[in-house]
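Undergrad: For the record, in the sequence shown the residue sitting at position 93 is 93 according to our numbering, with numbers rising by one throughout.
Hints may contain errors.
Under the rule of at most 16 angstroms between Cα atoms (straight-line distance), these lysine to aspartate or glutamate pairs were calculated in the EDC-like manner [said to hold, decoys possible]: (1) K192 / E156; (2) K128 / E156; (3) K280 / E339; (4) K283 / D338; (5) K280 / D338; (6) K177 / D239; (7) K280 / E307; (8) K283 / E339; (9) K280 / D304; (10) K283 / D304; (11) K80 / E40; (12) K117 / E135; (13) K192 / E216; (14) K283 / E307.
In case anyone wonders, no lab produced these hints; they're calculated from the structure.
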Amino acid sequence: MPLPFNFYITKDVNESMKTCFNRDLLEKYIEIYETKCERESFMLERNALYWSIQALCNQSCGKSNLSEECAMKSRNFLSKSFNPSFILVSYTHLNLGLFEIGRGNMELSNFHLHCCKFGNLVNQSRLKRTISFLEQFSFGEMDALNFASRLPSVFEFICGITLSSQLVTLLQQKITKENCNEIINTGSEIVKLCISTILSRNTDSNSEDSPSNSFEFTQTLLIEGLKLGVYVSSLSRTDLIEECSLRITYLCETDSFNHCSLFSIPFIVMATRVNLQVVKGIKNGSRMNNQISFGELGILQPIDYYEILQRNQNALNLLNSRFSLVSVVHGKLMKSLDEILSNR
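Given only the sequences and the hints, what does the whole structure look like? Please build it.
TA: Following this line, the structure appears as structure tokens:
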């Protein structure tokens, strides 16, 4: 069973905005489990899994009402299940846990993730690794600040192997001005390797529909987010911090931003907070607007930070239309954006 199952299907669903997942494909994939339990129970658990996937697909496309209906159908089938330790039940709870994270209902998400552990995970290392991975995240700025130190677990989660102890020590050491560039360079290569690993599993080299361009957005966002977190942690030059924030902001205006996952939220929020502090400095007179900085086309140009902050607000609103987690966790930030932009 892929981990998590939706990780491999949501990209294609989002690109076409079609939320009807191929049920025949799903049933062909899970038919190996049919002989491992009573048929009536299998039918219930198969339906529960299907509707949990549909809930995630619809959520990713911003169809919140439809996604909640699908999640409710999935729970109804789960409530009638005869075999709570069955692997399909565990993956259904995993999908529902991810769905509730997107809604910002962390209590219900934790319940579903706990239910994943109900069965015997001894022979389900992938599922166990997925649960442990998800439990590390708060989906706040600390996730961006701690991204470098978490890269070993990200790498293990995606690639299924562990980094060398030397690399783990490098990434998890205290970040300083002296070692920040080495951490960034090493971390960036690990991010690239993670993305290439995902592509190698899911790309047909002869296919015209190769998803490599779509994953380029994710790779760039993660690398810029890594830089931002490391620079902030090391108290590096403010121009480096602001440049990363601008790069992340510009990414939010690309087509691929419409497909990004909830794991992108911490990086976009941190970039927004940096840009918000710049605007506050402009308002109190401690700095000037329209100073020369990194432009959208990669050239130096005057930057109107009120316009940049407006872009951040648009990005957060768009994310919130898909994942209400944004307003639940970062509601104060969104309110601050409203206030400062309405009084510009």
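Undergrad: Would you mind marking each hint as holding or not holding in the structure?
TA: Cross-check of the supplied hints:
Taken as a hint, the K192 and E156 pair is honoured in the structure, with Cα atoms around 14 angstroms apart against an allowance of 16 angstroms. At roughly 12 angstroms between alpha-carbon atoms, K128 and E156 fall within 16 angstroms of each other, so this suggested pair holds. Taking the CA atoms of K280 and E339, the gap is about 11 angstroms. The hint holds against a cut of 16 angstroms. For the hint pairing K283 with D338, the CA-to-CA distance comes to about 15 angstroms; that is within 16 angstroms, so the pair holds.
Among the hinted pairs, K280 with D338 is consistent with the structure: their alpha-carbon atoms are about 13 angstroms apart, no more than 16 angstroms. This hinted pair checks out: K177 and D239 have alpha carbons roughly 14 angstroms apart, not beyond 16 angstroms. Between K280 and E307 the CA atoms are separated by roughly 14 angstroms; this keeps the pair inside 16 angstroms, and the hint holds. For the hint linking K283 to E339, the alpha-carbon distance of about 13 angstroms falls within 16 angstroms, and the restraint holds.
Annotation: proposed proximity of K280 to D304 holds, straight-line Cα distance about 13 angstroms (limit 16 angstroms). Of the pairs offered as hints, the one joining K283 and D304 holds, with about 13 angstroms between alpha carbons and a cut-off of 16 angstroms not exceeded. Distance restraint check for K80 and E40: the Cα-Cα separation of roughly 10 angstroms lies within the 16 angstroms cut-off, and the hinted pair is therefore satisfied. Note on K117 and E135: the hinted pairing holds, with a Cα-Cα distance of about 12 angstroms set against a maximum of 16 angstroms.
About 9 angstroms separates the Cα atoms of K192 and E216, which keeps this hinted pair within 16 angstroms; it holds. Restraint check: the Cα-Cα separation between K283 and E307 comes to about 14 angstroms, which is no more than 16 angstroms; the hinted pair holds.
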